[in-house]
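> Protein chains in written order, with my numbering: chain V, 1 to 323; chain E, 324 to 446.
Everything labelled a hint here was simulated from the structure, so no lab data went into it. Note that beta-carbon positions come from the ideal geometry of N, C-alpha and C, so glycine has one too. One or more of the hints may lead you astray.
Below, a sample of chain E positions facing chain V; criterion: calculated Cβ distance under 8 angstroms [said to hold, decoys possible]: (1) Gly353; (2) Asp355; (3) Met357; (4) Thr362; (5) Asp387.
Derived lysine-lysine pairs resembling DSS-like cross-links, with alpha carbons at most 27 angstroms apart [to be verified]: (6) V/Lys54 / V/Lys35; (7) V/Lys18 / V/Lys137; (8) E/Lys365 / V/Lys288; (9) E/Lys365 / E/Lys346; (10) V/Lys54 / V/Lys184; (11) E/Lys365 / V/Lys243; (12) E/Lys365 / E/Lys325; (13) V/Lys137 / V/Lys102; (14) V/Lys35 / V/Lys112; (15) E/Lys365 / V/Lys209; (16) V/Lys243 / V/Lys288; (17) E/Lys325 / E/Lys346; (18) E/Lys346 / V/Lys209; (19) V/Lys18 / E/Lys365; (20) E/Lys325 / V/Lys209; (21) V/Lys54 / V/Lys112; (22) V/Lys288 / V/Lys209; (23) V/Lys97 / V/Lys112; (24) V/Lys102 / V/Lys112; (25) V/Lys184 / E/Lys346.
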Amino acid sequence: MKQLRTAISDEDAVTITKTEELAYELRIHEVMTEKVQSLSPDMPIEDALNIFQKNRFSGAPVLNDNDLVGVLSIEDIIRSLREGRIDATVQDYMTTKLVTVKKYDPVIEALKTFARTNFGRLPVLDENGLLVGIITKGDITNGLLHALQRDYHQEELIRYRASHLFEDIISARTSLILRYGIRKGDFIHGGNASSNIKRALLRLGATPKIARHCGIAAYEAEMNLIIHSNNGGTLRVEIEPHKITMEAYDDGPGIEDVELAMTPGYSTATNEVREMGFGAGMGLINIKRCVDEMRLISSKDQGTNLYMIIYLNDSDNNASTLT
Amino acid sequence: MKLRDLVELIDGTLLTDTNIDGKEIAGAMGADLMSDVLTSIKPSSVLLTGLCNPQVVRTALIADIHAIVFVRGKNPAKETVDLANEEEIPLITTFHGLFDVCGILYNAGLPSFEIITKDDCSS
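Construct the complete structure from the given sequences, taking the supplied hints into account.
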């Protein structure tokens, strides 16, 4: 695997990492060849050669009763032929230096063993030391490819299901509601809810532009709750096939002059908040620019409700002049 | 412009573990007010700023900003770097000032990605 990694580009490295991950995840018994044809030690080499030719084997384990005693490979047979000993038996030419792997070990163990030794196949033993299969590099490649394909399909399916959520569910009016509690003064997590909203929208198949507009509007509203509310508030997002409605509400202190609050540059934020890059008096303006409809309902000593609506039908989206 | 080349041009240091090979930057904007950034920046740009708190990373995430450069040798707190690593947004620091970095990148052909709005703050 190490060699493989240096031979390919950085872009491919992502796939390799996935493959390596799988080599640790997959167990040997999941990729090995089961029900292997075995040979007996006293079988003539010629019989073994016939079995190899008929089945296109390049090697087979040798069992004495049920005990693994060796492995005979096509190279061993060639050696016997070269020495003119086709009359010899399997035990005369088999490899008795046994390197085996365990059934429940991860595939990476077999890969390491292949790298360390020169063997083309390894017998696989169960917990009682009995032969249960044979593993070759080809088995591993096939197993990894299958696993990759399986993972890919699962991922595709999840993505498809998320973006087709609304098509699959039939009701008079289907919507998905996300709710986030926003804490007063929690600047550290400020923007967390908005990031999650943006991510959810992308997952549901929104265009990057729609997701960005909703994200910006939600972010400004979230920061407003953190900066201005008495006790924090709630960010609520309702997603419907044709529109996204976001609502930010708190229980005070309320806005005395809503019209004044909508003036660009007007701000009641403290210096501390300004030092954090906010409170420039652009928040509400910014929200208005990002959404198709905005309504701000508030009065002094009452809660504030901010409604933001984005229509998903392109022709309705007058915020689409923004990039 | 390749982000790798940009880092070199401004004598920058990468602060995150993010892999920046192959990353492209289409334009730039310089600002310390995050609301201004949210109002004005076009996607796929680099943000040049003196502000170091985690909100910068959040802003980048929301506004599809591809990288953040901290000017005047500023180093953000660990929580900012952690968040950037988590969200895979490259953070770069340089000892140059904001005006200098703007000049260097402008001369190198990087366009402004700041949308000028007609909102008049004085009225």
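> Decide, hint by hint, whether the structure agrees.
Here's how the hints hold up against the structure:
no.: 1; hint: Gly353; result: 13 angstroms, violated
no.: 2; hint: Asp355; result: 6 angstroms, holds
no.: 3; hint: Met357; result: 4 angstroms, holds
no.: 4; hint: Thr362; result: 5 angstroms, holds
no.: 5; hint: Asp387; result: 6 angstroms, holds
no.: 6; hint: V/Lys54 / V/Lys35; result: 16 angstroms, holds
no.: 7; hint: V/Lys18 / V/Lys137; result: 18 angstroms, holds
no.: 8; hint: E/Lys365 / V/Lys288; result: 17 angstroms, holds
no.: 9; hint: E/Lys365 / E/Lys346; result: 17 angstroms, holds
no.: 10; hint: V/Lys54 / V/Lys184; result: 77 angstroms, violated
no.: 11; hint: E/Lys365 / V/Lys243; result: 24 angstroms, holds
no.: 12; hint: E/Lys365 / E/Lys325; result: 17 angstroms, holds
no.: 13; hint: V/Lys137 / V/Lys102; result: 16 angstroms, holds
no.: 14; hint: V/Lys35 / V/Lys112; result: 24 angstroms, holds
no.: 15; hint: E/Lys365 / V/Lys209; result: 11 angstroms, holds
no.: 16; hint: V/Lys243 / V/Lys288; result: 16 angstroms, holds
no.: 17; hint: E/Lys325 / E/Lys346; result: 6 angstroms, holds
no.: 18; hint: E/Lys346 / V/Lys209; result: 20 angstroms, holds
no.: 19; hint: V/Lys18 / E/Lys365; result: 34 angstroms, violated
no.: 20; hint: E/Lys325 / V/Lys209; result: 23 angstroms, holds
no.: 21; hint: V/Lys54 / V/Lys112; result: 31 angstroms, violated
no.: 22; hint: V/Lys288 / V/Lys209; result: 15 angstroms, holds
no.: 23; hint: V/Lys97 / V/Lys112; result: 17 angstroms, holds
no.: 24; hint: V/Lys102 / V/Lys112; result: 13 angstroms, holds
no.: 25; hint: V/Lys184 / E/Lys346; result: 37 angstroms, violated
In summary, the structure is inconsistent with hints 1, 10, 19, 21 and 25 from the numbered list given earlier, while agreeing with the others.
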